[in-house]
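Enquirer: For the sequence shown, position 97 matches number 97 in the UniProt record's numbering, and the numbering has no gaps at all.
It is worth saying that the hints were derived from the structure and are not from the lab. Bear in mind the structure is a predicted one, so any value in this text is a computation, not a measurement. Hints may contain errors.
Keeping only pairs whose Cα atoms sit at most 27 Å apart, straight-line, the calculated BS3-like set for lysine-lysine is [to be verified]: (1) 41 <-> 165; (2) 58 <-> 236; (3) 27 <-> 41; (4) 319 <-> 41; (5) 58 <-> 327.
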Amino acid sequence: MNNIVYFALGILLFWLVMYTFRRRLEKRGFVVYPFMLLWKKQTRSEWFPNFARKRAYKIFDKIAVVLGVISLVLGLALILYVFLNSVFPSSSGSTVSLQPIIPGITVGLDQLPYILLAIGISVTLHELAHAISATSNGIKVRSGGLLLLIFFPGAFVEPDEEEFKSASSISRLKIISAGIAVNLILAAIFFPLANFLPANLSQGLLIVGEKQYFPAYNASIPVNSIILKVDGNAVKVPQQLSYYLDQGRTHILTLLYPNGSINSITINTTQTHQIGVYITYYFPQGLLGLLQFITWMFTVNFSLALLNGAPLIITDGGKVFTEITRKLGLGDRESYLIQSVFTVILIGAILFSFNPLG
Numbered sequence: 001m002n003n004i005v006y007f008a009l010g011i012l013l014f015w016l017v018m019y020t021f022r023r024r025l026e027k028r029g030f031v032v033y034p035f036m037l038l039w040k041k042q043t044r045s046e047w048f049p050n051f052a053r054k055r056a057y058k059i060f061d062k063i064a065v066v067l068g069v070i071s072l073v074l075g076l077a078l079i080l081y082v083f084l085n086s087v088f089p090s091s092s093g094s095t096v097s098l099q100p101i102i103p104g105i106t107v108g109l110d111q112l113p114y115i116l117l118a119i120g121i122s123v124t125l126h127e128l129a130h131a132i133s134a135t136s137n138g139i140k141v142r143s144g145g146l147l148l149l150i151f152f153p154g155a156f157v158e159p160d161e162e163e164f165k166s167a168s169s170i171s172r173l174k175i176i177s178a179g180i181a182v183n184l185i186l187a188a189i190f191f192p193l194a195n196f197l198p199a200n201l202s203q204g205l206l207i208v209g210e211k212q213y214f215p216a217y218n219a220s221i222p223v224n225s226i227i228l229k230v231d232g233n234a235v236k237v238p239q240q241l242s243y244y245l246d247q248g249r250t251h252i253l254t255l256l257y258p259n260g261s262i263n264s265i266t267i268n269t270t271q272t273h274q275i276g277v278y279i280t281y282y283f284p285q286g287l288l289g290l291l292q293f294i295t296w297m298f299t300v301n302f303s304l305a306l307l308n309g310a311p312l313i314i315t316d317g318g319k320v321f322t323e324i325t326r327k328l329g330l331g332d333r334e335s336y337l338i339q340s341v342f343t344v345i346l347i348g349a350i351l352f353s354f355n356p357l358g
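Using the sequences and the hints given, assemble the complete structure.
Expert: Below, the structure written as structure tokens:
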């Protein structure tokens, strides 16, 4: 059996144990549903009141509404674009897909620790923003808790329902939008880090594949070797490798082999100055883990900002949409109907991403 099967069996075994001991867990405040573990308790009624009532946070509260609406529009645009692109593929044959993060299927199992850490941090900050915004707008927080859905961690807070309903529309919008805004801001912070840090922190170029009968293949350079230098010049990004190879046909490569040894070899390029390797950045293990975490922090927060910000059933974006449509004179029933249509389109976009029509 491969790792995916072991992983799936491990998940099933874990939930079987949880369900078997659900009565004991209930005595400790847990509630066990099929593939969902919930822990909920009453919490403090105010969260960071001094900070929540500062003028700076009041300004953020207003900006959050704008960011919430932006996320709603962008999230809906993304869903519609992917759906239409799948139903009516372009003549070039290129398609855009929208696939859920499923370790072992859509991403490697080795990415699971980084995904879970990124989700845990992002969701916690998201819910904390809801709680602080509720305090800022004079609404008590009734309860909060943690959850585990299949193997994805989460958190939640619940404002006092009566106070929330009786609050002004703008106050409700601020509270709903606060979490979306935090995810959008985090995505904006981690995007440049994910894009610019790899090139600046690279320690060489990792050979991940070779073209058969090209110079690197003919020289028996092992895949997973690391190119450290060309003619004595350090190379850390692909552009540097191309530049030095373009200077002539014969070069000395300094390589770190998979067994840990460092050797220099002489190699002749093709007439177009190629050695026939597929390369990527090389990082030591600790640094690689940090960069993968940064990448997932961007991916998770960008996904949360757009998909949770989209006008769908049960999302924050759906609640924002309902508040807006109320102002436009549309009833809640009509708003939920529209959100249901968008939700069906999202499901279709995901299904078509796995099985394109074209």
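Enquirer: Next step is simple, just say for each hint if it's right about the structure.
Expert: Results of checking the hints against the structure:
Proposed proximity of residue 41 and residue 165 is supported: the alpha carbons are some 21 Å apart, at most 27 Å. Simply put, residue 58 and residue 236 have alpha-carbon atoms about 46 Å apart, too far for the 27 Å limit, and the pair is violated. The straight-line distance between the Cα atoms of residue 27 and residue 41 is roughly 13 Å, inside the 27 Å bound, and the hint therefore holds. The straight-line distance between the Cα atoms of residue 319 and residue 41 is roughly 24 Å, inside the 27 Å bound, and the hint therefore holds.
Taken as a hint, the residue 58 and residue 327 pair is honoured in the structure, with Cα atoms around 22 Å apart against an allowance of 27 Å.
Of the hints listed earlier, the one the structure fails to meet is number 2.
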